[in-house]
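Undergrad: Chain by chain, the residues:
2 protein chains.
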Amino acid sequence: MISKNQIKFVKSLQKKKFRLESKCFVVESSKNVNEILNSNYKIQQIYATKNWIEKYKIRDDISINQVNKNELQRISSLKTASDVLAVVHIPLEKSDFDFSGINIVLDDVKDPGNLGTIIRICDWFGVKNIYCSEETVDVYNPKVVQSTMGSITRVDVIYTNIRRMIQEVAINVEVYGAVMDGDDINQIKVNKNSLIVFGNESNGISKEIKDIISERITINKIGEAESLNVASSAAIILNKFCN
Amino acid sequence: MISKNQIKFVKSLQKKKFRLESKCFVVESSKNVNEILNSNYKIQQIYATKNWIEKYKIRDDISINQVNKNELQRISSLKTASDVLAVVHIPLEKSDFDFSGINIVLDDVKDPGNLGTIIRICDWFGVKNIYCSEETVDVYNPKVVQSTMGSITRVDVIYTNIRRMIQEVAINVEVYGAVMDGDDINQIKVNKNSLIVFGNESNGISKEIKDIISERITINKIGEAESLNVASSAAIILNKFCN
Numbered sequence: 002m003i004s005k006n007q008i009k010f011v012k013s014l015q016k017k018k019f020r021l022e023s024k025c026f027v028v029e030s031s032k033n034v035n036e037i038l039n040s041n042y043k044i045q046q047i048y049a050t051k052n053w054i055e056k057y058k059i060r061d062d063i064s065i066n067q068v069n070k071n072e073l074q075r076i077s078s079l080k081t082a083s084d085v086l087a088v089v090h091i092p093l094e095k096s097d098f099d100f101s102g103i104n105i106v107l108d109d110v111k112d113p114g115n116l117g118t119i120i121r122i123c124d125w126f127g128v129k130n131i132y133c134s135e136e137t138v139d140v141y142n143p144k145v146v147q148s149t150m151g152s153i154t155r156v157d158v159i160y161t162n163i164r165r166m167i168q169e170v171a172i173n174v175e176v177y178g179a180v181m182d183g184d185d186i187n188q189i190k191v192n193k194n195s196l197i198v199f200g201n202e203s204n205g206i207s208k209e210i211k212d213i214i215s216e217r218i219t220i221n222k223i224g225e226a227e228s229l230n231v232a233s234s235a236a237i238i239l240n241k242f243c244n
Numbered sequence: 002m003i004s005k006n007q008i009k010f011v012k013s014l015q016k017k018k019f020r021l022e023s024k025c026f027v028v029e030s031s032k033n034v035n036e037i038l039n040s041n042y043k044i045q046q047i048y049a050t051k052n053w054i055e056k057y058k059i060r061d062d063i064s065i066n067q068v069n070k071n072e073l074q075r076i077s078s079l080k081t082a083s084d085v086l087a088v089v090h091i092p093l094e095k096s097d098f099d100f101s102g103i104n105i106v107l108d109d110v111k112d113p114g115n116l117g118t119i120i121r122i123c124d125w126f127g128v129k130n131i132y133c134s135e136e137t138v139d140v141y142n143p144k145v146v147q148s149t150m151g152s153i154t155r156v157d158v159i160y161t162n163i164r165r166m167i168q169e170v171a172i173n174v175e176v177y178g179a180v181m182d183g184d185d186i187n188q189i190k191v192n193k194n195s196l197i198v199f200g201n202e203s204n205g206i207s208k209e210i211k212d213i214i215s216e217r218i219t220i221n222k223i224g225e226a227e228s229l230n231v232a233s234s235a236a237i238i239l240n241k242f243c244n
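Chains as they are written, first to last, in my numbering: chain X, 2 to 244; chain E, 2 to 244.
Hints may contain errors.
Using 30 Å as the maximum straight-line C-alpha spacing, the simulated DSS-like pairs for lysine-lysine come out as follows [as the list claims (entries may be wrong)]:
(1) X:K9 <-> E:K80
(2) E:K144 <-> X:K12
(3) E:K208 <-> X:K32
(4) E:K208 <-> X:K111
(5) X:K51 <-> X:K16
(6) X:K58 <-> X:K111
(7) E:K17 <-> E:K32
Everything labelled a hint here was simulated from the structure, so no lab data went into it.
Just chain X, with the same shape it has in the complex (with noise of 0.2 Å):
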């Protein structure tokens, strides 16, 4: 059984502001949520199916409310709403950053689905950490973290000034973005020390973060489409990169 209050407080998740207030988020779908509880996330509390409960052995130490699919679909931002919804606390962000290896900045990237598909990508190959300027979609968006197939657990988002980010830190590593203009990503020689900057999806990177990239990157174009996908640049810049 689920109450008024708590159907309340799950919808109220799927908005920003009483995320930051509540200091929670939702994970939905078996998937999602076994990769949450086998992570150093804390959960407030499991929603699910009686099925779902007989079929994971969940620890002792978890509170989980029996529901029904009828209650689920209530408090669900999915269409169909799966087995189990977690509702998760919001961890601390990281205070301090190791910038060796490949890192991602995320300059106002808007699309869930992009931000979810990156942070699945970066868990393929390995990279830890992605700045996002303030103006990225929120982390913990239902749509995110629906779309990182259980990644969020494994990949830190850090919300920052990343102009001021890239300055601080331009010394010790190359700064790449991904550009209309570039050099061919697959005639270069990649620094192994990276910030691989991808830009806004209409706009890509802006102005005064171009004027501080040391090297502006393409994906050879053979066809006629104006331009790639955000999550699809990504995807081959980071094989090439990783690799």
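Place chain E on chain X using the hints.
TA: Here is chain E on its own, set in the frame of chain X:
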């Protein structure tokens, strides 16, 4: 002004059944409609705001209905309608095929955003043909059309019995399949006349298709994500095969 019958007809095109009956589909947003206008597709009707009509000078032989934003919202499949929506005739399927170069085969890809993104990636890399199993999502689904960003006009998407097709052409081309345990794509030499098969989002390539693949390929995994999104995989693999 838009009539009740027009509203009913345009909205019906969100469903595959009615698209098949009327042989029409819907294209929304300026970028997509302009790509259609610059292609061989035949437009049945454009619905657009006064602003849009004044900004873009459309040929006289195209029927334009001037409507307001509220009317557009009533026929749109988008959360927020853009300034223009076109009803477009579905072209006849191509009947003669040329399997030279790189061709894509999709085995039951279900997500509209994935198919749309793959079409856009193919257009970037100059891949002209995508062969889809009959269970693959319909290319004229509004979400597919939207996420192609106009590339739908330059890439042919053909629905067929892909098993039979692969068996017929396998003498002349190499048949690659993207799987979890194949050869690292960064290490292989690629054949420039190839079919590359990508599988369903949850289950990968079906057994009956796996059995007739000649080379199994994989994107080298460095981190811990269980899998990559199928469009991300297509981006990485086409960057390798088409360059």
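Undergrad: When you check the alpha-carbon spacing of E:K17 and E:K32, does it fall within 30 Å?
TA: Given that 30 Å is the threshold and the Cα spacing comes to 23 Å, the pair holds.
Undergrad: Need the status of pair X:K51, X:K16: alpha-carbon distance at most 30 Å?
TA: Given pair X:K51, X:K16 holds - Cα atoms ~28 Å apart, limit 30 Å.
Undergrad: Given the hinted pair E:K208 and X:K32, is their Cα-Cα distance within 30 Å?
TA: holds, 23 Å
Undergrad: Mind checking the alpha carbons of X:K9 and E:K80 for me, to see if they're no more than 30 Å apart?
TA: holds, 23 Å
Undergrad: For the pair supplied as a hint, E:K208 and X:K111, is the alpha-carbon distance within the 30 Å limit?
TA: violated, 38 Å
Undergrad: Hey, E:K144 versus X:K12, does the alpha-carbon distance stay inside 30 Å?
TA: holds, 26 Å
Undergrad: X:K58 and X:K111 were given as a pair; does the straight-line alpha-carbon distance stay at or below 30 Å?
TA: Violated, at roughly 37 Å.
In this structure, the hints that do not hold are numbers 4 and 6, in rising order.
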